[in-house]
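The listed protein sequences correspond, in order, to chains A and B. In this text, residue positions in the first sequence follow the numbering used here: the first is 1, and each later residue adds one. In this text, residue positions in the second sequence follow the numbering used here: the first is 384, and each later residue adds one.
Some hints could be false.
Said to hold, decoys possible - Computed list of lysine-lysine pairs in PhoX-like fashion (alpha-carbon distance at most 25 angstroms, straight line): (1) A:155 to A:346; (2) A:368 to B:445; (3) A:380 to B:439; (4) A:380 to A:155; (5) A:380 to B:456.
Said to hold, decoys possible - Just a sample of chain A residues kept apart from chain B, beta carbon distances all over 12 angstroms, derived: (6) 77; (7) 81; (8) 123; (9) 197; (10) 208; (11) 238; (12) 257; (13) 293; (14) 309.
Said to hold, decoys possible - Covered stretches of chain A (chain B as the covering partner; in silico rule of three or more C-beta atoms under 8 angstroms from a C-beta of chain B): (15) 332-345; (16) 351-360; (17) 371-379.
Since the hints were derived computationally from the structure, they do not count as laboratory data. Backbone N, C-alpha and C fix where the C-beta goes; we use that ideal spot for every residue, glycine too.
As a plain string of letters, each chain reads:
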Amino acid sequence: MNDSEQATLIPEGGEVGIVGCRDFVSGKPFHFESGGRIPELTLRYETYGQLNPVKGNAVLICHALTGNHHVAGVHSVDERKQGWWNFMVGPGKPIDTNKYYIICSNVLGGCSGSTGPESINPATGKRYNLDFPRLTVGDMVHAQAMLLDFLGIDKLHSVIGGSMGGMQTLQWATAYPDRVGSYIALACCARHNAQAIAFNDTGRQAIISDPDWMNGNYPDGRQPVQGLSVARMMAHITYLSDAGMEAKFGRKRGNRAAEEHFDVEFEVESYLRYQGQAFVSRFDANTYLYLTKALDRFDLHGPNGTLDETLQAVTASGLVVGFTSDWLYPPQGNREVVEALLRLGKDASYVELEMNAGHDSFLLCSSKLNALIRNFLARKQSL
Amino acid sequence: MSLGSKKRQVDFQVIARWVRPGERVLDLGCGRGVLLEYLQRVKSVYAVGVDIELDKILSCIKRGVSAYHGDVKPILSRFEENSFDRVIFSRSVELLEDPDNILAEGLRVGKQVTVGFVNHGFWKNRWDYFTRGRQALNEVYPKSWYEMHPANPFSVAEFEAFCRIREIKVNDRVYLCGNWRDECRYLPNLLTGYAIYDLSK
Chain A
1 MNDSEQATLI
11 PEGGEVGIVG
21 CRDFVSGKPF
31 HFESGGRIPE
41 LTLRYETYGQ
51 LNPVKGNAVL
61 ICHALTGNHH
71 VAGVHSVDER
81 KQGWWNFMVG
91 PGKPIDTNKY
101 YIICSNVLGG
111 CSGSTGPESI
121 NPATGKRYNL
131 DFPRLTVGDM
141 VHAQAMLLDF
151 LGIDKLHSVI
161 GGSMGGMQTL
171 QWATAYPDRV
181 GSYIALACCA
191 RHNAQAIAFN
201 DTGRQAIISD
211 PDWMNGNYPD
221 GRQPVQGLSV
231 ARMMAHITYL
241 SDAGMEAKFG
251 RKRGNRAAEE
261 HFDVEFEVES
271 YLRYQGQAFV
281 SRFDANTYLY
291 LTKALDRFDL
301 HGPNGTLDET
311 LQAVTASGLV
321 VGFTSDWLYP
331 PQGNREVVEA
341 LLRLGKDASY
351 VELEMNAGHD
361 SFLLCSSKLN
371 ALIRNFLARK
381 QSL
Chain B
384 MSLGSKKRQV
394 DFQVIARWVR
404 PGERVLDLGC
414 GRGVLLEYLQ
424 RVKSVYAVGV
434 DIELDKILSC
444 IKRGVSAYHG
454 DVKPILSRFE
464 ENSFDRVIFS
474 RSVELLEDPD
484 NILAEGLRVG
494 KQVTVGFVNH
504 GFWKNRWDYF
514 TRGRQALNEV
524 YPKSWYEMHP
534 ANPFSVAEFE
544 AFCRIREIKV
554 NDRVYLCGNW
564 RDECRYLPNL
574 LTGYAIYDLS
584 K
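With the hints as constraints, model all of the structure from the sequences given.
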């Protein structure tokens, strides 16, 4: 769900190298599920690998809440930080660029180049801010489907995503069954439990109660830095785990003695404050409000309150992966999706990986996760 | 061909005999998914495997067999009565902690249940114990106790008695000799190496 630092890379293949992003611009109005609309739409995206002549090898990767379209590689030779799933995507890697044409777009409502609350409303010449229509995961996926139309891709070989990306993946499988060949949803759920909503709302309240939020109308370059960074610090804790934090920080103290009573004293404090500060320089506060609300409202359960009614539409083969130490989207919520699929006679697998990095486990390079993704994508197709 | 794969083939063929094309099959303790892959191929079944070991599940996925990584008991409780045409326990009942209830659950979820097990009453097992005072080490239990032995082995006679007490209907039974190939016709509790039962409520 974030850009936490990557574990030591296990060299499993080559690199995609220097990559660039592109913009898909639709001049037609985009209609949201909520009834709102915007006059035009931009999605920023990156691709890796080559689309084959029959356009049958496309893999769509859906990013998490604060991720973006930059999945692998670097944008210039000077850039040290690679895309957020660099260990997973590349020549010879589990999502192999020698075989697949991989696409990832910044979500609708995002702030990394796609249209979102931070974008200029052509009707007013000012930022949308809170005039941006209410957003859903369904809207994000609808916008991605428009991108695929533009690229001339009728059917995806696979859709893959973790966390919010996992929810988009499940949305793809249920809303566009004809366009999905297979799917992999990691560290996800069919809907937020009370705890996840509670954390999101606490984050939103931190932003909204910051005087610099100004009812969402903060001027360019002056966002509610305090509120957004506190929201990020708290959310970041939910992406980790007790055991993971203990191993990484324990009660270690920084080098300098704290001068003031409430200065940074423990390393974990310093780490989280840094995470908060780094976040505000790259993420927009209103976007954070919109995206977290879209997640809270996401619910795959049908009108009668069962998953089975909605998942009946799925035709693709699927894999859902839970992580034992994920307490934000616990294994149970991942399992439930597969249990419903199996009740319905769908082709679906559930795997629970024992990793101690919490919710963010799917962003960490591990031989088990790599083998799993590799095996699923290379699996024998049943008759 | 190794003895292991020969063993596998025979009980696959027996189980496949009882499975009708296109059925819904749930294999509890599915291992690497070899049986289900075979049933998918020869009977075009809808197959789901359950296993607790990640490595096994990874193999199932590679084979294109739907697999659920987890304990047998909780997943059974997620399914309605008669959700599957057949529930298979192939060499897994002797590993269960609570075989009585799990078999009852299997019979609730499946219209029919297949149980395959090594006969603990096989004469060579008795011989090993009585003459040497040691756990069986022979063609039906090829590994020594410290490598792998089922926690709760049982005999053909014990399983027959269990089915009677629980009023489980035995539709068919196949007894294989210690060579895992020929059918065993007499004194099954003494001469059977491997037994396969077709059960229903």
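Violations among the numbered hints, reported as their numbers in ascending order
Result: hint 5 breaks, nothing else.
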